[in-house]
Every structure is written in structure tokens, then in C-alpha cells.
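Enquirer: Using the sequences and the hints given, assemble the complete structure.
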Amino acid sequence: MTHRVAVLDRDLCQPKKCGLECIKYCPVNKSGADCIILNEEVKKAQIDEEVCNGCGICVKVCPFDAITIVNLASELASDKIHQYGPNSFRLYKLPTPRKGEVVGLLGRNGMGKSTVVNILSGNLKPNLGRYENPPEWDEILKYYSGTELKSHFEKIKNKQIRASIKPQQVHHVAQAFDGTGKDLIEKYDERGISRELIKELGLENSMEQNLKELSGGELQRLSIAAVASKDTEFYFFDEPSSYNDVFQRKSVARVIHSLAKIGKSVMVVEHDLTLLDYLSDYIELLYGEPAAYGIVSNVLSTKIGINVFLDGYLPTENVRFRDKKFSFDVSSTSTDEFQEGSEIMAYPKLEKKYPSFSVTIEPGRVRKGEVLGIMGANALGKTTLMKMIAGVEKPDSGEIDKKIKIAYKPQYLQNDIDVEVIVLLDKANGSQIEGSQEEEQILEPLKIKKLYNKSVKNLSGGELQKISVAACLLQKVDLYALDEPSAFLDVEDRITIAKFLQKFVRSFGKTAIVIDHDIQLMDLISDSMIIFEGVSGVSGHATSPMPKADAMNRFLKSLDMSFRRDEKSLRPRVNKLESRLDKNQKDSGNYYYKG
Numbered sequence: 001m002t003h004r005v006a007v008l009d010r011d012l013c014q015p016k017k018c019g020l021e022c023i024k025y026c027p028v029n030k031s032g033a034d035c036i037i038l039n040e041e042v043k044k045a046q047i048d049e050e051v052c053n054g055c056g057i058c059v060k061v062c063p064f065d066a067i068t069i070v071n072l073a074s075e076l077a078s079d080k081i082h083q084y085g086p087n088s089f090r091l092y093k094l095p096t097p098r099k100g101e102v103v104g105l106l107g108r109n110g111m112g113k114s115t116v117v118n119i120l121s122g123n124l125k126p127n128l129g130r131y132e133n134p135p136e137w138d139e140i141l142k143y144y145s146g147t148e149l150k151s152h153f154e155k156i157k158n159k160q161i162r163a164s165i166k167p168q169q170v171h172h173v174a175q176a177f178d179g180t181g182k183d184l185i186e187k188y189d190e191r192g193i194s195r196e197l198i199k200e201l202g203l204e205n206s207m208e209q210n211l212k213e214l215s216g217g218e219l220q221r222l223s224i225a226a227v228a229s230k231d232t233e234f235y236f237f238d239e240p241s242s243y244n245d246v247f248q249r250k251s252v253a254r255v256i257h258s259l260a261k262i263g264k265s266v267m268v269v270e271h272d273l274t275l276l277d278y279l280s281d282y283i284e285l286l287y288g289e290p291a292a293y294g295i296v297s298n299v300l301s302t303k304i305g306i307n308v309f310l311d312g313y314l315p316t317e318n319v320r321f322r323d324k325k326f327s328f329d330v331s332s333t334s335t336d337e338f339q340e341g342s343e344i345m346a347y348p349k350l351e352k353k354y355p356s357f358s359v360t361i362e363p364g365r366v367r368k369g370e371v372l373g374i375m376g377a378n379a380l381g382k383t384t385l386m387k388m389i390a391g392v393e394k395p396d397s398g399e400i401d402k403k404i405k406i407a408y409k410p411q412y413l414q415n416d417i418d419v420e421v422i423v424l425l426d427k428a429n430g431s432q433i434e435g436s437q438e439e440e441q442i443l444e445p446l447k448i449k450k451l452y453n454k455s456v457k458n459l460s461g462g463e464l465q466k467i468s469v470a471a472c473l474l475q476k477v478d479l480y481a482l483d484e485p486s487a488f489l490d491v492e493d494r495i496t497i498a499k500f501l502q503k504f505v506r507s508f509g510k511t512a513i514v515i516d517h518d519i520q521l522m523d524l525i526s527d528s529m530i531i532f533e534g535v536s537g538v539s540g541h542a543t544s545p546m547p548k549a550d551a552m553n554r555f556l557k558s559l560d561m562s563f564r565r566d567e568k569s570l571r572p573r574v575n576k577l578e579s580r581l582d583k584n585q586k587d588s589g590n591y592y593y594k595g
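Residue numbering for the sequence shown follows the numbering used here, starting at 1 and increasing by one per position.
It should be emphasised that the hints constitute simulated quantities derived from the structure, not laboratory data. It is possible that some hints are incorrect.
[As the list claims (entries may be wrong)] Estimated spans, in silico, between C-beta atoms of each pair:
no.: 1; residue 1: R195; residue 2: V535; range: 37 to 47 Å
no.: 2; residue 1: V423; residue 2: P348; range: 33 to 43 Å
no.: 3; residue 1: G435; residue 2: D34; range: 29 to 39 Å
no.: 4; residue 1: K230; residue 2: E154; range: 18 to 28 Å
Please read all numbers here as calculations on a predicted model, not as lab measurements. All C-beta atoms in this analysis are idealised placements derived from N, C-alpha and C, irrespective of residue type, glycine included.
Expert: Structure representation (C-alpha cells):
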């Protein structure tokens, strides 16, 4: 027996632009039954899951890739926690909050984390899949009888639990609140700890500024401080690393950990595996089909949970949720300098001065087939260097002799363009993308074709990031400059883009320069690195390009963190501070793991 899931993406379904192929070619319809119809009220296709035989013909003939048909094990039918409506997203199972622990939620975007948050915070009553006849609380409590979640829902029913939630899109906070950073903290501080949080998160200079004037990182940390200062039973942090540098991510982790230490229940969604590993006591996976259905796994230890996710196979439940496993190359730890390719650009010592900030960059060169990574704290001049290389800004001292063409993906992306994605990609490619070699080489590996007919202004943060990376790589240039390409991407997309970019520059004799704060991504993507040091917002200093192992060792030493290789997945893992491994590696000067 199977449990059928039929989902329609209403944004993609466009009956006025197609020949209703899904209705016309459905074999069940041809036999005289009504499996797929055109809902006259909403003017969209509608699929009867009870009648559907799961043949998948409608999926293949839909010109807009708007239909998803999945056959699940029949046992899952009784685990359905919520469904929004006919042919819409549904969630199976729920993670369990644990007092005094940080539970990390790990999975792809579109797997139901927002639904999970809304249900566990009491903002959404679970309907157990009965969207037409939702159950009352007594039935929901009976469903969870004998589980830890029963007491959680009893408290929600009796209004005995409050939740404090840090949203993914922190710019919404600035839009909703008109005031300074100090005003926001004072409004939410119920624990009397605002002074400590401001110091820990480095927000001293943000207190007198209006929220609309703050940078993304300042707004992120201010939102975290506001959430942590509330006195509630349940805390949820959605992607707390975004916009923050590695030093700031350590501070964020300490603040979140402090809540668990006083007995609070904490859940975190995070796509930076280094931070998630460092932060979480337990992991629960979310897997399924993005925007179609999500399934929550049983609780796992942090180490096992992350490794299971990378494997794509959940042995305790005998489920393969990805057809490939992600692996990490031990040879990437080599201390040998990158050897491939001829020099395509060299630059002398560069200097750039602003009224209150200056940056000095040591001489360097970039070569064909190389990915040059750039790491360092925020406000040290990384983006300034990128803009000088791209020709957007000119140095005050020194000159970049550019005889090459450069494409630049900025840190902050424009999301208010009212054009279809396909139009944007055609323009970047210089010709029609559909059916082209570039579509096969770039867009298909990044799984972008399904977004062709969406408007850019309606894209999610992750979708917009992928489109921006693709639009950069479609340009016919010699060097690709990418500023924070991991922002808003889930773990799978980060690893996919890292491995794809390495293969792309090697195969086509191109070069890429990448700025990012995700240590694991930079370890995976870089051949050599530049490290920025200095005083944030005052003065920055950039090294010449260095072998990756030397650069990572120097950078990790500044963080007072040591890394080892996980023995199973070979991914980099943070050693616990003051542990035997941590002390041994630091004593030997080996902050960066050995291959």
C-alpha cells in the first residue's frame, strides 16, 4: 500500500498559457473518472489524490513543472501533522523541544521549518491533515498521548507557554519597528540582561542608530539580543549566522547556549554546518520534497545527525532521502600551493582610504583554474578589494592592470525586479538560454530550470541567491567574483555550488574569487586564500594569496579554534575548547586539521 502525495505549485501553474496537458493526457481522466480537473474558482488544476494512480504522466507533460506526485509508505499517513489545503504542502511528524538543550533542525529549504515553528510556538493549530474538518485540542492531545509533545501542547492549549522567535528575514524587523536599537532592546528585555547581550554581541555602536540604518549583521545580532532577552519557555532561532562573520557567529553561539544553560528549550535552524555542529546538543533532520512534503526524523546526536544528512540515508528508519552522498576530499588539506594554470591577473600593493576607514592589500596574483577564497571579519575591506578587482572602485595607491573580463555578484541582491527569471538569465547569457549548452552546463546542475517562469521579486532568499550566482557564471568572462554566495542557501545547495564552481573553473579555464564566512564552504571551495586582519571599521590589512592550509591555520588561530576531520564523513569539525584534541593541536601549532 502507498500513501499518495499530489502537490500543485500554484505560482507555476498557468492554465491560460498551456493546453491543459495534465487534464488531457491523464489516463484516469481518459477512463472516465475525474482525477485532474480545472478548479473554476481559483482557475488552477486540482488533483484528486484518492483517484490518482501515481503514474506521473501529468508531471512529465506539464510545461511549467508545476506538479509533484510522490508515493510514500502507507505508514506515514497516520503521521501527518498538518496540511494547508488540497494539493498543498503537508508535514509529517514534529521535532520535540528539550529543556536545557539546543536542538538543531537540519534540512533543505521548503521542508516545513516555518510550519514546525508556528505549530510549536502555538501560532498554528495542527490539523492532523484534516484541513476541511480540523480537530479540537482534546483530539490532538489524545493523538500525542504518551509522548513528550503532549505536555507541550497542553501548555499551548492552556496558554501556559510563550515562545520567542528570531525570524529568518531580519529586514522585516526593521520594517515593522520604527526606532533605535536601544528602543528595541528596552521593549523586549524582560530578563534585565540587555547590557550583557549588547557587549557580547558587539552592539555598542548600534544602540543610537535607527534600525533602518543598521547593516545586515547588526540587525541580525540585534534581533538575536531582543529574542534572548525575553523571558519565555521556548526559543527559536532561524538562520542566526546570516550576515555575521565567523567571530560574530561564535558570540551568537554563546548567547544561544546560555539560554539552554538556564533550562530553556531552544531550537535552531542553521545551514552553516560548522556553527550547527558547534551549537547543537541534538539534531533532527527534515527531509522530503521541497514545497511538497516534509518529514521530521527521530532525534539524533549532533555528530551522527550531520553525518546521516551528508550520507542521504537514515539507517534507523531505513530511508534514503537523497540519491547521492556528499563527501569531502582529504587532499584538499594539502599544504602544497595551487599549481594549475597560467597567471591571468596580478596586482601590486593596494591602498584605499575613506574618511574613517583604510585598507592595505599586499601584492597578489590569480591564475586559471583557481578558486581564491577570501576570509576575515566584517568591515575590514573584503568587499572593497572585490570591487577594486571588478573595477567598481579604484584604489588610491597601486593599480590593477586588468586585461581580462570580470563578472561580479554583489553581497546584497536586488529583489524588486518585476521580470521573469528566464528574461534575466537570457540577458546574462547574451542569447536565449533554453536549449543552449549553457543551460545544460550551468543551470541544470544548479536545478534552476523550475524557476524560469517565476518573477524575480517573488523569489525566496535562497532562490534569488542561486539565480544571482547562475547569472554571474553565465557571463562570458575570465574571472568570476562572488561575494557571500552561501547566504540563504541550504546545506545541499551550498555544497552543490562549491563542488560545481570548482569543476566549472577547472573545466573551462576560468578563475573565481569568493568571499564567504562559512568555514566549511570555504574549506571545500578554495585552492588558495587571502586573510583579512585588522580593526573592524577602522583599518584592514589583507595578506598576499597563501596556500589554503597556511591561511586556514592563521585564520583559525585568530579565532582560538582548532579543527579536526570527522573520521566518517571527513568533514571539518570544531574541537571542543580546552579538550585534549584542542590542546594538542594548538600546542603543535596545528589549528587546521591534517589530511
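Enquirer: A separate judgement is required for each hint: does it hold in the structure or not?
Expert: The hints, checked one at a time:
| no. | hint | in the structure |
| --- | --- | --- |
| 1 | R195 <-> V535: 37 to 47 Å | violated, 23 Å |
| 2 | V423 <-> P348: 33 to 43 Å | holds, 41 Å |
| 3 | G435 <-> D34: 29 to 39 Å | holds, 36 Å |
| 4 | K230 <-> E154: 18 to 28 Å | holds, 22 Å |
In summary, the one numbered hint that this structure violates is 1.
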